[in-house]
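J.: Take a look at the letters that make up each chain.
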Amino acid sequence: DTEVTQTPKHLVMGMTNKKSLKCEQHMGHRAMYWYKQKAKKPPELMFVYSYEKLSINESVPSRFSPECPNSSLLNLHLHALQPEDSALYLCASSQVLTGGVGGYTFGSGTRLTVV
Amino acid sequence: SQKIEQNSEALNIQEGKTATLTCNYTNYSPAYLQWYRQDPGRGPVFLLLIRENEKEKRKERLKVTFDTTLKQSLFHITASQPADSATYLCALDMGGNNRLAFGKGNQVVVIP
Chain E
1 DTEVTQTPKH
11 LVMGMTNKKS
21 LKCEQHMGHR
31 AMYWYKQKAK
41 KPPELMFVYS
51 YEKLSINESV
61 PSRFSPECPN
71 SSLLNLHLHA
81 LQPEDSALYL
91 CASSQVLTGG
101 VGGYTFGSGT
111 RLTVV
Chain L
1 SQKIEQNSEA
11 LNIQEGKTAT
21 LTCNYTNYSP
31 AYLQWYRQDP
41 GRGPVFLLLI
51 RENEKEKRKE
61 RLKVTFDTTL
71 KQSLFHITAS
81 QPADSATYLC
91 ALDMGGNNRL
101 AFGKGNQVVV
111 IP
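Chains as they are written, first to last, in this note's numbering: chain E, 1 to 115; chain L, 1 to 112.
Just so you know, the hints here were simulated from the structure itself, not pulled from any lab data. Glycine is no exception: its CB is placed at the ideal position from the N, C-alpha and C atoms. Don't take each hint at face value.
Claimed, not checked - In silico contact screen, one side only, chain L against chain E (beta carbon under 8 Å); selected entries:
{"no.": "1", "residue": "Ala10"}
{"no.": "2", "residue": "Arg42"}
{"no.": "3", "residue": "Pro44"}
{"no.": "4", "residue": "Leu49"}
{"no.": "5", "residue": "Gly103"}
{"no.": "6", "residue": "Lys104"}
To be verified - Some chain L residues flagged as far from chain E (calculated, every beta-carbon gap over 12 Å):
{"no.": "7", "residue": "Pro40"}
{"no.": "8", "residue": "Glu60"}
{"no.": "9", "residue": "Asp67"}
{"no.": "10", "residue": "Lys71"}
{"no.": "11", "residue": "Gln72"}
{"no.": "12", "residue": "Arg99"}
{"no.": "13", "residue": "Val109"}
Could you put the whole structure together from the sequences, leaning on the hints where they help?
T.: And the structure:
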């Protein structure tokens, strides 16, 4: 299995809702990532997990809460979002030491709309 | 801070020609540099990785060069095909810990 699977593909939520984005991979990658991408912009790094521990938080607002329950799963919990948080949320995985062996594998993303 | 610069203008190219894209960075040379392809509404797809001690890397019709003196990477698609039409993103390691940052991307349109 060489894929990163993200669910749901589309999500519409109100500003008072709580929802979660899910990401799963079975490639044995021990680094997993959340990126946010707005239209016609590059992906922006939000969080990095390495060996199931949060290693990087790029000053993301606390209304985004990541969780890595095990080496195959990554969640992003959403609460009290703002309309400007509407974007494509991408999950990715890689081997921890990417400099030697290869790139990141991205999922197809969750298209999030906050109303 | 490190900046990654890619030409924001779309590159229109005739089928069969070579498309060349440029990625410049401003400060320290990264340990490695990656190139990705992204189609609308989809996640980026990894194409090639080149390390700082490598001058050139090839994969099928793709070629990447890395010049740490010029602080530049060039990405070539030879014998371009309409199916190569996409946005191509340059990505750099921003100092370790798997902190990968992307350039704005360069759209390529291959005209039949």
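J.: Now look at each hint and say whether the structure bears it out.
T.: Verification of the supplied hints:
Hint status for Ala10/L: violated, given a least beta-carbon distance of 11 Å to chain E, over 8 Å. A cut of 8 Å between beta carbons decides the hint on Arg42/L: the least distance to chain E is about 6 Å, and the hint holds. Taken as an interface hint, Pro44/L checks out: its beta carbon lies about 5 Å from the nearest beta carbon of chain E, inside 8 Å. Because the beta carbon of Leu49/L sits about 6 Å from the nearest beta carbon in chain E, less than 8 Å, this interface hint is met.
Proximity of Gly103/L to chain E holds as hinted, the smallest CB-CB distance being about 6 Å (cut-off 8 Å). Nearest Cβ of chain E to the Cβ of Lys104/L: about 5 Å, under the 8 Å cut. The hint holds. A beta-carbon of chain E comes within 12 Å of the beta-carbon of Pro40/L; the shortest separation is about 10 Å. Separation of Glu60/L from chain E is adequate, the least Cβ-Cβ distance of about 16 Å exceeding the 12 Å criterion.
For Asp67/L, the requirement that its beta carbon stay farther than 12 Å from each beta carbon of chain E is met, with the minimum near 18 Å. Every Cβ of chain E is farther than 12 Å from the Cβ of Lys71/L; the closest lies at roughly 18 Å, confirming the non-interface assignment. The claim that Gln72/L lies off the interface holds: its Cβ sits roughly 18 Å from the closest Cβ of chain E, which is beyond the 12 Å cut-off. The Cβ of Arg99/L does not lie farther than 12 Å from every Cβ of chain E; its closest approach is about 6 Å, which violates its non-interface assignment.
Taking the minimum C-beta to C-beta distance to chain E, about 15 Å, the non-interface status of Val109/L holds against the 12 Å cut.
In this structure, the hints that do not hold are numbers 1, 7 and 12, in rising order.
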